[in-house]
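K.L.:
Sequence:
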Amino acid sequence: MNPCARDNLSGRKRVLNGYSPISREELFAYTNGHFLVDEQRQLDRRYLNFDLDTLCDVAASAGGDSSRIVTIEKLEGGFSKALLMKKGNGKEVIAKLPCRIAGPTSLTTACEVGVLEYVRKYTSIPAPRVFSWSSDNSNPVGAEYIIMEKVAGVPLFEQWGKMAEIEKLELIKNLTKLEAQLAAIRFPAYGGLYRQADVSSLQCQELNGSICIGPSCGRSFSTDSAAVLSTQSEKLDYGPLSLIDFQSLSVLPLFLQAQWPVFLKPPQNYTKGLVQPKLPGDFDELDEEGKAAALQEWSQSKLAKAYEVATVLENGVAHNAMNIPRVFRELFIRCGEVSEVGVVPLRECLIEIFRNWSSLGFTGQCPYSFSNEEITTHEHQFAEYQAWDEVQQLAQECLDTDAEGWIAPQLDIEEKRRQNRELLSLYIKRMAGEKSPDEARAMWPFPG
Numbered sequence: 174m175n176p177c178a179r180d181n182l183s184g185r186k187r188v189l190n191g192y193s194p195i196s197r198e199e200l201f202a203y204t205n206g207h208f209l210v211d212e213q214r215q216l217d218r219r220y221l222n223f224d225l226d227t228l229c230d231v232a233a234s235a236g237g238d239s240s241r242i243v244t245i246e247k248l249e250g251g252f253s254k255a256l257l258m259k260k261g262n263g264k265e266v267i268a269k270l271p272c273r274i275a276g277p278t279s280l281t282t283a284c285e286v287g288v289l290e291y292v293r294k295y296t297s298i299p300a301p302r303v304f305s306w307s308s309d310n311s312n313p314v315g316a317e318y319i320i321m322e323k324v325a326g327v328p329l330f331e332q333w334g335k336m337a338e339i340e341k342l343e344l345i346k347n348l349t350k351l352e353a354q355l356a357a358i359r360f361p362a363y364g365g366l367y368r369q370a371d372v373s374s375l376q377c378q379e380l381n382g383s384i385c386i387g388p389s390c391g392r393s394f395s396t397d398s399a400a401v402l403s404t405q406s407e408k409l410d411y412g413p414l415s416l417i418d419f420q421s422l423s424v425l426p427l428f429l430q431a432q433w434p435v436f437l438k439p440p441q442n443y444t445k446g447l448v449q450p451k452l453p454g455d456f457d458e459l460d461e462e463g464k465a466a467a468l469q470e471w472s473q474s475k476l477a478k479a480y481e482v483a484t485v486l487e488n489g490v491a492h493n494a495m496n497i498p499r500v501f502r503e504l505f506i507r508c509g510e511v512s513e514v515g516v517v518p519l520r521e522c523l524i525e526i527f528r529n530w531s532s533l534g535f536t537g538q539c540p541y542s543f544s545n546e547e548i549t550t551h552e553h554q555f556a557e558y559q560a561w562d563e564v565q566q567l568a569q570e571c572l573d574t575d576a577e578g579w580i581a582p583q584l585d586i587e588e589k590r591r592q593n594r595e596l597l598s599l600y601i602k603r604m605a606g607e608k609s610p611d612e613a614r615a616m617w618p619f620p621g
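The opening residue of the sequence shown carries number 174 in this note's numbering; numbering runs sequentially from there.
Just so you know, the hints here were simulated from the structure itself, not pulled from any lab data. One should not assume that every hint holds.
FRET-style restraints, in silico, Cβ to Cβ [as the list claims (entries may be wrong)]:
hint, residue 1, residue 2, range
1, 575, 546, 45 to 51 Å
2, 194, 234, 21 to 27 Å
3, 193, 509, 36 to 42 Å
4, 459, 265, 33 to 39 Å
5, 599, 540, 44 to 50 Å
This one's a predicted model, so the numbers in the text were calculated from it and none came from an experiment. From the three backbone atoms N, C-alpha and C, an ideal C-beta is built for every residue, glycine too.
All chains should be modelled from the sequences, with the hints used to inform the complete structure.
P.N.:
Now the structure itself:
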């Protein structure tokens, strides 16, 4: 393998992406996928140049024992660089460096450190220890960074498909117990957690001497950044053994935080409550493809039901928060989306609250109102928004992508671009008579 990095101390360092050696430039660049549109801008936003040798020097002394870094493996996410750094003595640490799109400069790193310290100190949640960090990108490394321990286990997604149903159920139960610890904590304010000594210049509210609440570092009002689960390989102890990635987590109202974990989200026809998931009544009449789909939906429904029941038993306040009227959660989400999609979805929430003020449990009169004429005009605008949103969701689903057009590295980007052009062409033809080609193209999320 080609060595990359200076000869320092008594040997060279190898820089890898998986099992393949890479250059420093490839280490700095974003290589975890492609984008259907505006790719260069997206790559530039995720590019991060830093002094690798200095970072290695910092990591070499992290964890209480000094030993040179001999191997660096690039582990990249959507908002940060993560480097698995192996020392000459065999021990490993993780170096995490946020890209500029991760959140507010300096605060994002300081907040993550504060959250990790608080979680480790006041809960039994298995979060990684922080050995060294800096939220000042003018430091010798040239970038913000956190050096933390490499926790036990492997990513849950690598084991989930291999686990027996009883193992999955045990993990779900243990997960809800960990979530209950977080839900039980009462904070005097909303925002981000910081170490008091690190944010003395900010207006913060003290919590427990060393920790305070300051500005939120959430990337939007909707905090979807769920912690990644890790489980032990081979002999499972029904983990999770560790929770990692606490970046951009905030203290928010429980009804905004409590939600289904991504891997346990119920399917479309899921029924909440004490209703046992069942196969469809016409299962025996379905063809093989239909049966496979029905079995998959049934399996996911059972796991979702297990999470729902475990949450009732272990974390009742979170279960109640998940079942408040949908419009309250949507109101906050829509506020955070105004700059991207406009005011129409937010106005829809406000009108729904105005119309259902009493049935939602409020007393007195709603502090704002809409005339019949305003509501009629809005309904036309909202119908247009729904049509636009349906196109966005359809394109994302068909192309296995997200709102930014991200394509996973294991997929063929050129094939996805071909599919995108074909789908756009079909959509323009379908809308003929209703919209001009330019209008239809403007509706499509990836017109490039």
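K.L.:
Go through the numbered hints given earlier and state which of them the structure violates, listing their numbers in rising order.
P.N.:
1, 4
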